[in-house]
Structure formats: structure tokens, C-alpha cells
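Trainee: Numbering-wise, the sequence shown is residues 1 to 85 according to the working numbering.
Keep in mind that the hints were calculated from the coordinates and are not lab data. Beta carbons: idealized from backbone N, C-alpha and C, even for Gly. Hints should not be assumed to be uniformly reliable.
Derived CB-CB ranges, DEER-like [stated by the list, open to error]:
#	residue 1	residue 2	range
1	ILE77	LYS33	17 to 23 Å
2	GLU76	GLY41	18 to 24 Å
3	LEU39	GLY75	27 to 33 Å
4	LEU39	ASN18	28 to 34 Å
5	THR13	PRO51	15 to 21 Å
6	GLY37	GLY75	19 to 25 Å
7	PRO40	GLU76	16 to 22 Å
8	PRO25	ALA72	20 to 26 Å
9	PRO51	MET12	18 to 24 Å
10	ILE55	MET12	14 to 20 Å
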Amino acid sequence: MKRSDPHTVPSMTTTPLNLRGLKCPLPALRVRKALKGALPGTLFVVECTDPMAAIDIPNLMRETGDAIEHSATQGEILVFHIRKG
């Protein structure tokens, strides 16, 4: 039987969320639902086109305690890297 090294960090899962075309409040609601069912450490790469998501998703993170590790705008697409706490 192979023993696991206690100093090894398990690999974290990355989950893409394509929320392009959805309008407020759907992007934030879908992110909330995804986070609720996720394991701690899961990274979500969220892509959306609704400009209100730039306000709604950071507000949601303040509510849930999860973290936005990175955010960017690529043309009309808003991209958030969200880590489940």
C-alpha cells in the first residue's frame, strides 16, 4: 500500500462557467449555485457578458466569503477567477 506524503497539497479542481449572454441577476445566481455545491479550493473561471456582473459578482463574493483571485475584461467578456473558500 502506498503512503501519501502529508506535505503534499492535493490538486485543486478548475471549473469553467460560461455565462455569456445571461442577464442580471442570472450570472450571480449561477455563480452562487456553483459555489454552494463545490469543494473548498475549487477554482471557477467565470466568463460573462452582462456589464452588471462587474458589480454583482464582487458583491456576491463579499456575502459568501469566497475570493476573486483575478478579474479582467477581454473585449465584451468579463472574466473572473473565483476560489471557493
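Trainee: Determine for every hint whether it applies to the structure shown.
Mentor: Hints versus structure:
1. ILE77 and LYS33 have their C-beta atoms about 21 Å apart, which keeps the hinted 17 to 23 Å range intact.
2. For the pair GLU76 and GLY41, the supplied restraint of 18 to 24 Å is violated, since their beta-carbon distance comes to about 30 Å.
3. Range check, LEU39 to GLY75: about 32 Å between beta-carbon atoms, so the 27 to 33 Å window is met.
4. For LEU39 paired with ASN18, a C-beta distance near 21 Å fails the hint of 28 to 34 Å.
5. Checked against the hint of 15 to 21 Å, the pair THR13 and PRO51 fails, with Cβ atoms roughly 29 Å apart.
6. In this structure the supplied range 19 to 25 Å is violated for GLY37 paired with GLY75, their Cβ-Cβ distance being about 30 Å.
7. Taking 16 to 22 Å as the suggested C-beta distance range, the pair PRO40 and GLU76 does not conform, at roughly 32 Å.
8. In this structure the hint that PRO25 and ALA72 lie 20 to 26 Å apart at CB holds, the actual value being about 22 Å.
9. Look at PRO51 against MET12: about 30 Å separates their beta carbons, and that is not inside 18 to 24 Å.
10. Restraint check, ILE55 to MET12: a C-beta distance of roughly 27 Å breaks the suggested window 14 to 20 Å.
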